[in-house]
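Visitor: Sequence:
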Amino acid sequence: MPDSQEKQEQEQPPRRRQARGERRIAQLLEAAAHVFCTTGYTAASTNAIAREAGVSPGTLYQFFPNKEAIAIELGDRLMHEMRDTYGEALAPVDPVTPLEEAVGAAVERFIDFNCRHPVFFALMHGPDAPGRISEAHDALHATLLSRIEGLLSSFLPDAPPGDLSRTAHMCLGMYKAGLELVLAHEGAEREAYVRELKNALVRYLDPLVGERLGRPGLTATQAP
Numbered sequence: 146m147p148d149s150q151e152k153q154e155q156e157q158p159p160r161r162r163q164a165r166g167e168r169r170i171a172q173l174l175e176a177a178a179h180v181f182c183t184t185g186y187t188a189a190s191t192n193a194i195a196r197e198a199g200v201s202p203g204t205l206y207q208f209f210p211n212k213e214a215i216a217i218e219l220g221d222r223l224m225h226e227m228r229d230t231y232g233e234a235l236a237p238v239d240p241v242t243p244l245e246e247a248v249g250a251a252v253e254r255f256i257d258f259n260c261r262h263p264v265f266f267a268l269m270h271g272p273d274a275p276g277r278i279s280e281a282h283d284a285l286h287a288t289l290l291s292r293i294e295g296l297l298s299s300f301l302p303d304a305p306p307g308d309l310s311r312t313a314h315m316c317l318g319m320y321k322a323g324l325e326l327v328l329a330h331e332g333a334e335r336e337a338y339v340r341e342l343k344n345a346l347v348r349y350l351d352p353l354v355g356e357r358l359g360r361p362g363l364t365a366t367q368a369p
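According to this note's numbering, the sequence shown is numbered sequentially starting from 146.
Derived by calculation from the structure, the hints in this document are not laboratory data. Incorrect hints may appear among the rest.
Unchecked claim - The calculated label-pair distances, taken between Cβ atoms and stated as ranges, are:
id, residue 1, residue 2, range
1, Arg196, Glu280, 16 to 24 Å
2, Asp308, Glu175, 38 to 46 Å
3, Val241, Thr183, 28 to 36 Å
4, Glu341, Pro263, 29 to 37 Å
5, His225, Arg196, 45 to 53 Å
6, Pro237, Asp273, 30 to 38 Å
7, Gly271, Arg311, 25 to 33 Å
8, Thr204, His330, 30 to 38 Å
9, Pro202, Val241, 55 to 63 Å
10, Arg261, Arg348, 22 to 30 Å
Since we're looking at a predicted model, the values are computed, not measured. For every residue, glycine included, the Cβ atom is placed at its ideal position computed from N, Cα and C.
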């Protein structure tokens, strides 16, 4: 027989029960994010997630059958938010926009997202992510590259598609390498790595933009 709390919840209007369920799911996902970041996906367990959320394993199983289902739900929500982020960060810009400004704005948005959701990097780039998350990440990666190419075309309007694709791959690779360093540090040191990441991308792109648009690119003697 259900206990008094379960009976009270069953007697509540459907909308109130639904709201309570959404809050519980959010609580479990937040706990899972902490556990996945702390121990990694493979070592994580539903018991650890329930303990972090302050609920019983039985309560967790009312919403998720296993940790893979939790990771998939968490990944889906984060990828939806990530798509919104790169939609804003990688919109084509006016070609007269300074390269430093365009690169800085895009990096800031992505860094902010990943610092608020470090589990995104842990799940998407970990060696043990569930298959469905890996597939979704591959699709996200392809779309992200396409959006980077669109942003680059604002500065390199005459560049051949092959050059744009290659440059986009380099930019994304540099960003991922820098992001790992950013997430590994905090405070002033994290801010320093963010600046280094921006500088690296600008120094890589500046000669290309200068060549295409007649802007003077950095020379070896000008680079600090």
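Visitor: Does each hint hold? Answer for all of them.
Guide: Now the hints, each set against the structure:
1. Arg196 to Glu280: 16 to 24 Å: violated (30 Å)
2. Asp308 to Glu175: 38 to 46 Å: For Asp308 and Glu175 the Cβ distance comes to about 43 Å; the hint holds.
3. Val241 to Thr183: 28 to 36 Å: This hint is violated: roughly 46 Å between Cβ atoms.
4. Glu341 to Pro263: 29 to 37 Å: violated (19 Å)
5. His225 to Arg196: 45 to 53 Å: violated (28 Å)
6. Pro237 to Asp273: 30 to 38 Å: holds (37 Å)
7. Gly271 to Arg311: 25 to 33 Å: holds (27 Å)
8. Thr204 to His330: 30 to 38 Å: The hint (30 to 38 Å, Cβ to Cβ) holds, given that Thr204 and His330 are roughly 36 Å apart.
9. Pro202 to Val241: 55 to 63 Å: holds (58 Å)
10. Arg261 to Arg348: 22 to 30 Å: holds (28 Å)
Hints 1, 3, 4 and 5 from the earlier list are contradicted by this structure; the remaining hints agree with it.
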